[in-house]
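If you read the sequence shown in this note's numbering, its first letter stands for residue 728, the second for the next number, and so on.
By construction, these hints were calculated from the structure, which means they are not laboratory data.
For each residue, glycine too, the CB sits at the ideal point set by N, CA and C.
If a hint is listed, it holds; no wrong ones were tucked in.
Using C-beta positions, here's what the derived DEER-type ranges look like:
1. Tyr834 - Val783: 47 to 55 Å
2. Asp842 - Asp940: 17 to 25 Å
3. Ser851 - Ile827: 27 to 35 Å
4. Pro829 - Thr894: 37 to 45 Å
5. Glu895 - Glu939: 30 to 38 Å
6. Asn892 - Ser822: 33 to 41 Å
7. Gln928 - Asn892: 16 to 24 Å
8. Asp842 - Glu895: 26 to 34 Å
9. Pro867 - Thr823: 27 to 35 Å
10. Ser839 - Val783: 46 to 54 Å
11. Arg824 - Val784: 45 to 53 Å
12. Ser822 - Val782: 45 to 53 Å
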Amino acid sequence: MSRDYSDLQVVADQSYPEVVPQFADKVPVEPPRRATPPKRICGLPPKRFWIVVAVVVLITGASNDDTPSSPATTEADQATTEPTKTSTSTTASLSTRTIIGPTQTLYRDCPSSTDTIYEAIGSSNYMFRKRCNVGFAGSPNNVVNIPATSLDDCIDKCATYNENNNTEIASRESNVCNSVCWRHRVTGDDWPGQCFGSTIQNSTSSGFPVDEDQIKCDSGAWINQEIPGRGG
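Please build the complete structure, drawing on both the sequences and the hints.
And the structure:
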């Protein structure tokens with residue numbers, strides 16, 4: 728006799744976990760990205776760096792525009808040496824020595840100034856040739872007798888006398904001052920720093936007469952003498 732088993736069911740074993748198939752897509756895992764450091768120029772962000780450069784350029788340009796040009800010669804240089812005033816194209820560099828005495832200070836540029844030309848009172852009408860440690864033999868009557876601080880100062884006083892007495896000199900009422908003897912010593916001299924101006928005769932053949940014995944003098948002679956109303 729056959730039995731009907733249609734009402735029988737298969738019961739799964741519950742002692743094992745149920746296997747569930749995985750159908751999820753596999754997603755690749757990317758490694759973590761490293762942070763890129765910001766760009767810098769000389770330790771500064773680019774924007775700030777270029778701002779600094781622009782400011783420096785502007786300041787430098789303004790500073791260059793305000794900078795005065797340097798003079799060719801300085802005041803300190805002029806205090807020690809100065810070119811001789813002369814009408815020729817060549818100039819001599821003179822060395823001036825300060826001589827300090829008990830009661831006065833003198834300035835002597837000898838021997839560097841010997842045989843140089845000095846334009847008295849800044850005028851080319853009064854060109855004096857300078858000689859060191861000699862005098863000129865001339866009139867014993869001095870038309871100028873006054874203290875001076877240097878040979879140039881003495882020559883200026885001689886030329887000033889001529890300017891102030893121009894009318895009298897032209898009419899021969901007064902003698903011209905065309906030579907000077909400046910006493911350049913501050914000790915051992917009876918007339919330290921004294922300026923003596925007198926009249927000497929300029930000979931065309933031999934020039935001014937020189938007195939080599941007057942070593943106490945630094946001298947000057949007017950070489951382009953021309954007096955209005957007189958023949959020189």
